[in-house]
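Quick note, the sequences are listed as chains A and B, same order. First residue of the first sequence: 561, per the numbering used here; consecutive thereafter. First residue of the second sequence: 12, per the numbering used here; consecutive thereafter.
Calculated from the structure, these hints are not laboratory results. The structure presented is a predicted model; accordingly, all values stated were derived computationally and were not measured. Using N, Cα and C, we set each Cβ at its ideal position, and we do this for glycine too. Heads up, a few of these hints could be off.
Claimed, not checked - To give a feel for the contact side, a few chain B residues facing chain A, derived at Cβ under 7 Å:
# : residue
1 : 77
2 : 79
3 : 101
4 : 106
5 : 116
6 : 118
To be verified - Derived list of chain B stretches under chain A, where covered just means 3 residues or more per stretch with a C-beta under 8 Å from a C-beta of chain A:
# : stretch
7 : 123–135
8 : 522–536
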Amino acid sequence: MGNVLSIILQRLALGLLTLLIVSIVIFVAVNMLPGDFAELILGQGATPEAVKSIREDLGLDQSLVSRYFGWLGGMLTGDLGTSFAQLNFQTNMGGGAGKTVAQQIAPRFANTMFLAMVTAAIAVPVAVTLGILAALYRNTIFDRAANIFTLSSISSPEFFMAYVLILFLAVLNPILPSLSNIYDGMAFSDRLNKSLLPALTLTLVVTAHMMRMTRAAIINLLASPYIEMARLKGMSPMRVIVKHALPNALAPIINVVALNLAYLITGVVVVEVVFVYPGIGQLFVDSVKIRDIPVVQACCLIFAAAYILLNLTADIMSILSNPRLRHPK
Amino acid sequence: MTDTLLEICGLKLEGRFDEKWNPIINGVDLTLKKGEVLGLIGESGAGKSTLGLAAMGFCRDGVRISAGTVKFDGIDLLTASAAVKRGLLGKRIAYVAQSAAASFNPAHRIIDQHVEGPTQHGVMSRAESEADGMALYEKLRLPDPEQIGFRYPHQVSGGQLQRAMTAMAMACRPDLIIFDEPTTALDVTTQIEVLASIRDIVKDFNTAAIYITHDLAGVAQMADRIKVLLKGDEVETADTRTMLSHPTQEYTKSLWAVRSFERPLKSPVVAGAVPVVSVQNIDAAYGKAKVLHDVSFDMYEGRTVAVVGESGSGKSTVARCITGLLPPMTGQISFGGEVMPADYRKRTKDQLRQVQMIYQMADTALNPRMSIGEIIARPVQFYLGLTGKAKRARVDALLEQIELEPFEYYDRLPSELSGGQKQRIGIARALAAEPKFIICDEVTSALDQLVAEGILRLLAKLQDELKLSYMFITHDLATVRAIADEVVVMKDGRVVEAGPKKEMFTPPHHPYTDLLLSSVPEMDPDWLTNLLQERGVDNIGDAAVGKM
Numbered sequence: 561m562g563n564v565l566s567i568i569l570q571r572l573a574l575g576l577l578t579l580l581i582v583s584i585v586i587f588v589a590v591n592m593l594p595g596d597f598a599e600l601i602l603g604q605g606a607t608p609e610a611v612k613s614i615r616e617d618l619g620l621d622q623s624l625v626s627r628y629f630g631w632l633g634g635m636l637t638g639d640l641g642t643s644f645a646q647l648n649f650q651t652n653m654g655g656g657a658g659k660t661v662a663q664q665i666a667p668r669f670a671n672t673m674f675l676a677m678v679t680a681a682i683a684v685p686v687a688v689t690l691g692i693l694a695a696l697y698r699n700t701i702f703d704r705a706a707n708i709f710t711l712s713s714i715s716s717p718e719f720f721m722a723y724v725l726i727l728f729l730a731v732l733n734p735i736l737p738s739l740s741n742i743y744d745g746m747a748f749s750d751r752l753n754k755s756l757l758p759a760l761t762l763t764l765v766v767t768a769h770m771m772r773m774t775r776a777a778i779i780n781l782l783a784s785p786y787i788e789m790a791r792l793k794g795m796s797p798m799r800v801i802v803k804h805a806l807p808n809a810l811a812p813i814i815n816v817v818a819l820n821l822a823y824l825i826t827g828v829v830v831v832e833v834v835f836v837y838p839g840i841g842q843l844f845v846d847s848v849k850i851r852d853i854p855v856v857q858a859c860c861l862i863f864a865a866a867y868i869l870l871n872l873t874a875d876i877m878s879i880l881s882n883p884r885l886r887h888p889k
Numbered sequence: 012m013t014d015t016l017l018e019i020c021g022l023k024l025e026g027r028f029d030e031k032w033n034p035i036i037n038g039v040d041l042t043l044k045k046g047e048v049l050g051l052i053g054e055s056g057a058g059k060s061t062l063g064l065a066a067m068g069f070c071r072d073g074v075r076i077s078a079g080t081v082k083f084d085g086i087d088l089l090t091a092s093a094a095v096k097r098g099l100l101g102k103r104i105a106y107v108a109q110s111a112a113a114s115f116n117p118a119h120r121i122i123d124q125h126v127e128g129p130t131q132h133g134v135m136s137r138a139e140s141e142a143d144g145m146a147l148y149e150k151l152r153l154p155d156p157e158q159i160g161f162r163y164p165h166q167v168s169g170g171q172l173q174r175a176m177t178a179m180a181m182a183c184r185p186d187l188i189i190f191d192e193p194t195t196a197l198d199v200t201t202q203i204e205v206l207a208s209i210r211d212i213v214k215d216f217n218t219a220a221i222y223i224t225h226d227l228a229g230v231a232q233m234a235d236r237i238k239v240l241l242k243g244d245e246v247e248t249a250d251t252r253t254m255l256s257h258p259t260q261e262y263t264k265s266l267w268a269v270r271s272f273e274r275p276l277k278s279p280v281v282a283g284a285v286p287v288v289s290v291q292n293i294d295a296a297y298g299k300a301k302v303l304h305d306v307s308f309d310m311y312e313g314r315t316v317a318v319v320g321e322s323g324s325g326k327s328t329v330a331r332c333i334t335g336l337l338p339p340m341t342g343q344i345s346f347g348g349e350v351m352p353a354d355y356r357k358r359t360k361d362q363l364r365q366v367q368m369i370y371q372m373a374d375t376a377l378n379p380r381m382s383i384g385e386i387i388a389r390p391v392q393f394y395l396g397l398t399g400k401a402k403r404a405r406v407d408a409l410l411e412q413i414e415l416e417p418f419e420y421y422d423r424l425p426s427e428l429s430g431g432q433k434q435r436i437g438i439a440r441a442l443a444a445e446p447k448f449i450i451c452d453e454v455t456s457a458l459d460q461l462v463a464e465g466i467l468r469l470l471a472k473l474q475d476e477l478k479l480s481y482m483f484i485t486h487d488l489a490t491v492r493a494i495a496d497e498v499v500v501m502k503d504g505r506v507v508e509a510g511p512k513k514e515m516f517t518p519p520h521h522p523y524t525d526l527l528l529s530s531v532p533e534m535d536p537d538w539l540t541n542l543l544q545e546r547g548v549d550n551i552g553d554a555a556v557g558k559m
């Protein structure tokens, strides 16, 4: 077991290192965006002096390196900084204390996580089950139908799938609400109800990938001697696949599931826009539009962390699914 | 009811390759009585495994049964429904595969796989079946029968797994077991234990068996009757003793004759001669695990040194040290009297050229995307700097040396060659560098006997022509007898005995050499029985434990 523990610790350290490198890339890339916040809010008639004073206020006049370390230090202590937009609003309108980036992002991120989890709760079991069935009934009508259906849903643009679902489930048969305006303090059931249409749309988007990997990983093993042995022991086809093939096919399946979960957290802007779902994706796009650098950087870092963490989890679970590593000689 | 258990009539099997159905078995008849053991002999490609599976009503993908009937205890397996067949498989007909290591599911413990048959077929409860499994493990002389089932397959050695698989086949007390080359993948000493335990358990439970193999001596110990197959046709069938003493067909006689190839003894090494390769006091380790302890031996021009030992004895590690792939911790390798750098990266091109290797699995040792010509031309260009026409001429000459027609084989891919031909390409590639010394790592162990003999004869011919030195790594003592001049016996990373072949094969031996020698099956049906009596049956299990 010590073996596995050391592998996990090693992966964890590598994950942290990756995150550090990613933070540099994010910082440099975001600061290379053309135009800056000061010029953007002052408009075309901005005097150089006004621009300069705003830049000084926001610390944009300091060197890139010192700004990076300031930002990194803040990140490490949990301070994601203050949104430029909020700061601006506060100074101009004389309002109360502005929201920090953390306060701004937290509810949005929670919403995104909620949507991702609802989607995963539907998509992962559906995809794996479909994959198993497709492997069991490979090259039959069922297999082809499942493939064609999932492939066409992944090939169509997300907004198109979203509108098709709205048409059938909200307009023609008003079962589900077409708008997902979620707010704090909503009951769980309401929240679930409102999130269901976007979750279904996303399910259609991610299922194909996971299903096809499950099918391929299982079929890949069907020529193995131990599968033949199970069949020669008179085991039913279903048992052969679930009991004998699936446990050995877990590693690639887990990896694809993790990749798709990461996508659900980071890549769902279009679906959020269609359903007016207040997730982190919309916040991110809005912040890029107005060059609200602290928010953009924080979002990027969260996305990167989500990717790294999910892949790390997938790695660790793959390791744990391998009896050779779990039970060394 | 008669006592016929299995009846196969006019069975024809076809396999799909080259985009059409080709015959594999052209009409074979077979009957098996209850409790009878039938040996099925043939070279690889003779269709014996396919026939064995067809006897269970099972075809691999790309194989179909085109004619004939398979009746098991009155049930026609070819027309029976899948559910009926599933009810028989595992319960009344069981299968023991060639490689137990590959045929046990790596994700489940051995006992879980053992009880699966009985519980799913409703023969026993899990607890009963577990207890029965342990009893079978004990009967098959597995060490620690109470606990061994709770390990995962990768935690158990190959010989033990093969016995655990036999136990698994016995789990439902079937009427018929198909053994598909159950000892091929094992060391000689392990093979005996497995042979003995299979034979005992089959006898004790009065189970009928089809014993598929290409090992004639092995089958002689096991079978009541032997059937010989050649390219999908039956050659002859007879009771074991008759078959061994009076084979009627030419092919069978040629099979029996294979073991007679033996090179004449060479005169002893001239005193004071400089060895081509000298291994001096080598210690080597993989990471922290030390695998070689003070290994020394010399190899002389035009002679063959056979390095013998079981898997794990360190014989391949010595080869890795000589080639420089694994620099030894202490000790040195000299070549023609000069000490060579330990690491191959520090050797000159000429030093590298002098040491070449031929591998066990010709399949994996040849690049599948390169043509035969390219494979052989590569070292010709790399070591000798030949290009263009000179290169082509050299490759053609090499192909002729290994008795393959250059015109026909130059542009072929490895996948278009047979196993024996691929091994010949491996030899040509080694020769292309014009070395003085070639390491042959189990080069014949993946080949059928007739083909293997062809390779041995070719190597012998090349040795005489080119004054080559061979280091011949093998666990097969018949090969040693055939080709070696000197023998080095290794065990647990140490040389236990070394000397000229004649001395090795005449007593007195080192006890371990003795064990190895006496473990080589002989073509006498009473050999195993006598040997077991000689050793005392219980000692076999002990010997196994001591070895592992």
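Hint validity - residue 116 (chain B) Cβ closer than 7 Å to any chain A Cβ: With Cβ-Cβ at 4 Å, under 7 Å, it holds.
Chain A covers the stretch 522–536 of chain B, three or more CB atoms within 8 Å, holds or violated: Violated, because only 0 residues of the stretch 522–536 of chain B bring their Cβ atoms closer than 8 Å to Cβ atoms of chain A.
Given residue 101 (chain B) as an interface hint, is its Cβ closer than 7 Å to any Cβ of chain A? holds (4 Å)
Close enough to count: is the Cβ of residue 77 (chain B) nearer than 7 Å to one in chain A? Hint on residue 77 (chain B): violated, closest Cβ of chain A at ~21 Å, above 7 Å.
Taking the closest Cβ pair, is residue 106 (chain B) under 7 Å from chain A? holds (4 Å)
Using 7 Å as the Cβ threshold, decide whether residue 118 (chain B) counts as touching chain A. holds (4 Å)
With a Cβ-Cβ cutoff of 8 Å, does the stretch 123–135 of chain B contain at least three residues near chain A? holds (count 4)
Satisfaction of the residue 79 (chain B) interface hint, Cβ to chain A closer than 7 Å: violated (20 Å)
Hint compliance for this structure: hints 1, 2 and 8 are not met, and every other hint is.
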